[in-house]
Amino acid sequence: MTAEKNIHLSVNEHGLCHVEFDVAGKTVNLISPDVLMELSTAVDSIRSDPRVKGVVFLSRKLDHFIGGAEIDVRKFLNDLDATLAFVDQGRTVYQRIAEISVPTLAAVHGACLGGGLELALACRYRLASDYRKTRIGLPEVLLGILPAWGGTTRLPHLIGLSASLDLLLTGKQLDARRAERIGLVDRVITSKEVPTQADRFLYEILSSGDSMDRKIGSARMRAQNGLMTRFLNRTALGRAVVFQQARKNVMKLTKNRYPAHLKIIEVVQAGMAKPIDRALHLEQEAMNVLIREDVTQNLLHVFSLRTHAGKLSKEMKGAETIPKIRKTGILGAGAMGSGIAQWLLQHEFQVRLRDLNEEAIAKGIKNINGLFEKLVSRKRMRPEEKEDRMRLLSATTGYSGFSTCDLIIEAVAEKMEVKQRVIRELQEVAGDRAIFATNTSALSVTTMAEASRRPDRVLGLHFFNPVSQMPLVELVKGKQTSNETLAAGVAFVKQIGKTPLIVSDSPGFLVNRILMAYANEAGLLLEEGAPVEGVDRAMEVFGMPMGPFTMMDVVGLDIAHHTAETIRAALHLDSEQQSHIGDRLFEAGRLGKKTGRGFYRYEGRQKHGNPELEAVLAAVRKERDMSPRSDINDQEITERLMLIMINTAAWCLEKGVVEGPGDVDLGLIMGAGFPPFRGGLLKYYDKIGLSMIKERLDRYTGSAGSRFSPARMITERAQQAKGFY
Amino acid sequence: MAEAVIIDGVRTPFAKSGTVFKDIPAEELGRLAVHELLEKTGLDLNTVDEVIIGTVSQMVDTANVSRIISQRAGLPPRVPAYTVNRNCASGLEAIGSAIEKVRAGMADVIVAAGVESMSTIPIFYYGKRLTELLMETSKAKTLVQKIVKFASIRLRDLKPNIISQTDPLNGMRMGDTAEVLAKEFGITREEQDTFALMSHQRAVAARPQLAEEIVPVYLPPYYDNVAKNDAGPRENQKIEDLARLKPVFDRRNGSVTAGNASPLTDGAAALLIMNEEKARAMGYKPLGRVRSYAYAGLDPARMGLGPSFAAPKALDRAGMKLSDIELIEMNEAFAAQVIANEKAFPSKKFAQEQLGRSEPIGEIDRARLNVNGGAIALGHPLGASGARLMLTILYELRRRSQSIGLVTLCVGGGQGAAFVVERR
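Chains as they are written, first to last, in the working numbering: chain A, 1 to 725; chain B, 1001 to 1424.
Isolated chain A, as found in the complex (with noise of 0.2 Å):
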């Protein structure tokens, strides 16, 4: 046992005993194979003391209770059996606690996620805080995992098996409301003097006989009283519906790429049919199966790299003052001023919105209320919430309210003068306290911060289109962007729930420099002879979210047009390289779905071919003096599409747009929706070996174009036999 303790055992004089969990040296309790040894201590103690009658599980953490086992992804595969024994052993200590004979009790402040929950529903009773941070789930399905520390066993016995599925399946956690209503949780309580309220709670369980036990028992029957739910969790027939449903559902949504759902369900079903002890062993055994997928691995592979991002370097932790950002303001009301407006909002921050006109603000404001109204119909927000979050909004026409602003966002046209001017007016009205943001998608940052008087307070944080539904949030260093600055930034973005990356500043940054050469490869094969649904089929097939023409399409062929210039103008690209279909629908006004027509035809919800583009296709062919080819098959448009991301991933390594390959896959992944079953690009690709990858690179080189010419970093790494990674 390590000398540090991490769990803290008492007894008070009426026999309560307080198991208190406080991992050494962090500020949140994973549990990791020692904390886990002194845990199976401390349980041996406690069932050994016969002064013991009732026992409580505590976080001495601020704003976390357990936030489940300690994963380093890369221990973990290594060593598989290590992994496994840890898992079995997890499981025996919590079934340990669940034998214990005096009452136990989880008493939940912050965050119990995956083995806090488990935890949690080893105990007899469970409390949970009204807290904000208090959020309870079992999120490993998204690590292609199971629960099995006796979660995916013991909730279904708890809450019923169409609750218990709807958790295990989504991952999704829930705050303690929620959880009281389904079950999950015995009373809600305040976020003050939490072991107080807990003991409290264990007195009065064993004082009252039976009878307050029985009446917890009844309210959790009651959280399942609905006559459907009644039908569908207790009876046979309603149980094999919902098993079939839940497979249909989850083909659906998987298109069967990710195993650990069916796994899920498999041992749900099977498990409710045994006695708890066999049921405990499936747990094991499927783990035993899923650790071995690739699929699992690649999961857990992404998994590490988001519980990394934004890590910061060494220099970047001396920063010593971390401004705290409190209220923000936003230049620009459009759809992404807006949308960013309307998730800073929902993330409880104070939003003060600037455009030039009232009319401008209004589309704003519409825009962002209908964000919200979204979100109140699914039930993810309850009127009251809305109303008071679209309160924290204010806006004007001038700089006023913004000399109090901690962090200002600039979402105006995408043009450097425009910029420039707006961050001179700014400090002439407003001065210069707050850290100036650019949400610009190509131009430099570190021009732009020519324009302020405090350069080193200006940075990138490039949102992605729509701000609701794109996780990463690019964070762009400017030459004289300061460490604080840029810890700030990072701090923030994670504050609001977003994946921050951290990119130096080169036009289009990572994620539009590589899209932006995935979507003109595939205008290229279009050009040559593919087809425009074959293109975004064979991408589909990959696992993309949507094919490249849909795509462009959806995020709008003006956008697309605008901010490929950009980075063709800046880095000189080879026109001949270049192409031009995109271009030619922009300028015919074209411009994808906002207009009912792009690549595709739209009407409605539905698409269909686009009959103008044959005749354009045949006049950017004649401009080039070419003529289409009708061979080029699936595996010339996904090795074309794959390779021409790869050499442009290996240019911005080079260049030092990012620091390794993991930022190259997150940002993928995360901002342009790469498949995460694959473990991101040069993940998936370093398994399929640089050689291979420069062998195909140089064969196009020959056939396609020079952009394909091997970038040097691959040349050497394959000369050595060594990856990406």
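Hints listed in this document are in silico derivations from the structure and should not be mistaken for laboratory results. The hints are all genuine.
Straight line, CA to CA, 25 Å or less: simulated SDA-like cross-link-like pairs of lysine to any residue:
#1 K1228/B / E358/A
#2 K324/A / L1045/B
#3 K386/A / I1068/B
#4 K1343/B / R1366/B
#5 K1022/B / E358/A
#6 K366/A / Y1222/B
#7 K1022/B / G370/A
#8 K172/A / N465/A
#9 K1238/B / R1368/B
#10 K366/A / P466/A
#11 K1040/B / A362/A
Here the structure of chain A is known, so what remains is to put chain B in place on it, guided by the hints.
Okay, now just chain B, sitting in the frame of chain A:
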């Protein structure tokens, strides 16, 4: 003694009840004004000591509306808040209370505001018998008792009563008091209509100036529209159209019409009041201060004469004469009522008989009176009007580089309010 100064202020547009603000309750109108005040002044919210808000029609479900407004405007929970009511002078009462607190050294930074949503004032209420029976039903112990009680409710108990709009002191509607003054001072229908026309013309011409004190309101629930200006002033108001209207209160012999009276209105106005030294230390340039103020009581049936009773008291306290006053904002509850004051102010007889003063107050110069129009055009959201007049006069004094002004209102129930303000 500490001195109090008014730093800045802002208001919502004013809109006739039942129109654009009909879905915005008073607490939300107030919140919009206070929120924007805090933004406009760039105030550090932690410095606020108190919030005082005047309103006339307090709703049962939003008791102490000031607290609701201040919390929803983002002020920290530790900032206390209370609501004041002096009928039509409630907005001024909030300002007066704030000034007294600062002068007494009990507070340094106060948000004072006035708010009224006349759209949301209930018109009906159920009779006492129904309320009693429902109470008894809910108190009844057994189901049978409950049913028995409930069954004793008769159809006639469900007939709603109309909430009386009259002054309980004399059973008169406000318009009736204006008719009294019209007759007492011999004010013609033409005089009243001409005054009303002037109010509209001045308010229309002053739109750009008034815009400086207004925060646009984006209109829920769909946010398709924005209210940028006061809705009341009519560009093409014609005297003939005013003359065609029928008298409302005295249908046969009366002269008070909907055209020469202020309409029912929704709106809110907020001002920031500070200890002068603190304001200077924080780098604020105040708009001005209140040099003196006074309230006076009079016969409720002649409540419109309130300014004639309150103004001389306030002027005495300021050590000033009416001739020292460069601008006057007199609330236009009714044209007849303003004109009655115009006649009473210079009358020696009125001064001697009714005010017990040997000399008249003085002549009111219309060129200095309500130069941006008044409540007949802009509207009169009861609790907000006092704060609006204060805001308007301070902005106008600044625009004209003048220094002394008088804000005065008549108050339902028979009172008058007068504030002498100065810019330094």
